[in-house]
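**Q** Numbering-wise, the sequence shown is residues 519 to 718 according to our numbering.
No lab work stands behind these hints, which were simulated from the structure alone. None of these values were measured; they are calculated from a predicted model. Please note that the accuracy of each hint is not assured.
[To be verified] With a cut-off of at most 27 Å between alpha-carbon atoms, the simulated DSS-like pairs for lysine-lysine come out as follows:
no., residue 1, residue 2
1, LYS538, LYS632
2, LYS605, LYS638
3, LYS540, LYS605
4, LYS528, LYS632
5, LYS638, LYS661
6, LYS673, LYS632
7, LYS638, LYS523
8, LYS584, LYS538
[Said to hold, decoys possible] Computed spacing ranges between beta-carbons, pair by pair:
no., residue 1, residue 2, range
9, GLU595, PRO665, 32 to 40 Å
10, ASN683, VAL662, 31 to 39 Å
11, MET667, PRO542, 34 to 42 Å
12, ARG666, ASP641, 36 to 44 Å
13, TYR639, PHE684, 21 to 29 Å
14, ARG666, LYS638, 35 to 43 Å
15, ARG663, GLU595, 17 to 25 Å
In this text, a Cβ means the ideal position worked out from N, Cα and C, and glycines have one as well.
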Amino acid sequence: MIWVKGLPFKIAFFMWKVWKAKLPLDDFLKRVGYCMPSKYWCCVQNDEESLQHLFFRSETGKTTWKYFLSRAGIVVEGLTLYQAITKCWTANVCLRLKPVMQALPSCVVWDLWKRRNSMKYGDAVTTSRVIYQVSSHLQALVKVRKPRMDMVPHKWQDLLAMMENFTPKLKVTKVIWELPSAGWLKVNTDGASRGNPGRR
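Work out the full structure: start from the sequences and follow the hints.
**A** The following block contains the structure:
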């Protein structure tokens with residue numbers, strides 16, 4: 519479920535590293551024997567930077583997860599990072615919405631990571647900007663997976679509503695021609711007609 523078709527490989531691969539807890543955060547470095555001063559780069563608190571805090575318990579992390587999950591009918595309170603990810607992967611939604619829900623955690627952790635790195639090197643990134651970027655990734659994913667869908671909305675709630683109510687346009691399979699002398703003649707789109715089997 520990490521490898522969602524249409525999701526950029528770098529985002530999917532990053533999600534794999536988060537799931538395996540392989541990011542070079544201070545809690546991971548301590549486990550492998552490196553001790554150094556630690557600092558939260560995602561907020562102003564002074565504490566050891568950890569996977570759970572950066573991607574789920576920080577103010578920006580909590581707000582971002584709540585924005586997306588609550589609109590999808592998932593309660594965030596009382597969950598851990600891994601439980602929130604699993605709930606997205608196993609959400610009981612319509613079939614065409616499943617890939618979007620499965621890609622959601624990858625997009626959230628990717629943009630939280632980008633925010634952390636920007637803040638580490640002096641650029642401020644607001645929570646609303648993170649939500650905007652996650653919405654942009656999901657919008658792009660839908661455009662790739664549903665190229666016939668016109669005007670894919672950017673706002674998450676509108677995107678959910680559109681995906682739930684989307685009805686694909688039916689292809690025309692038969693064309694009927696009127697010939698002046700012979701009346702009506704039915705011709706299939708593959709060129710087949712009575713006495714002519716068409717392409718095989």
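**Q** Failing hints, ascending?
**A** Failing hints, ascending: 2, 5, 7, 10, 13 and 15.
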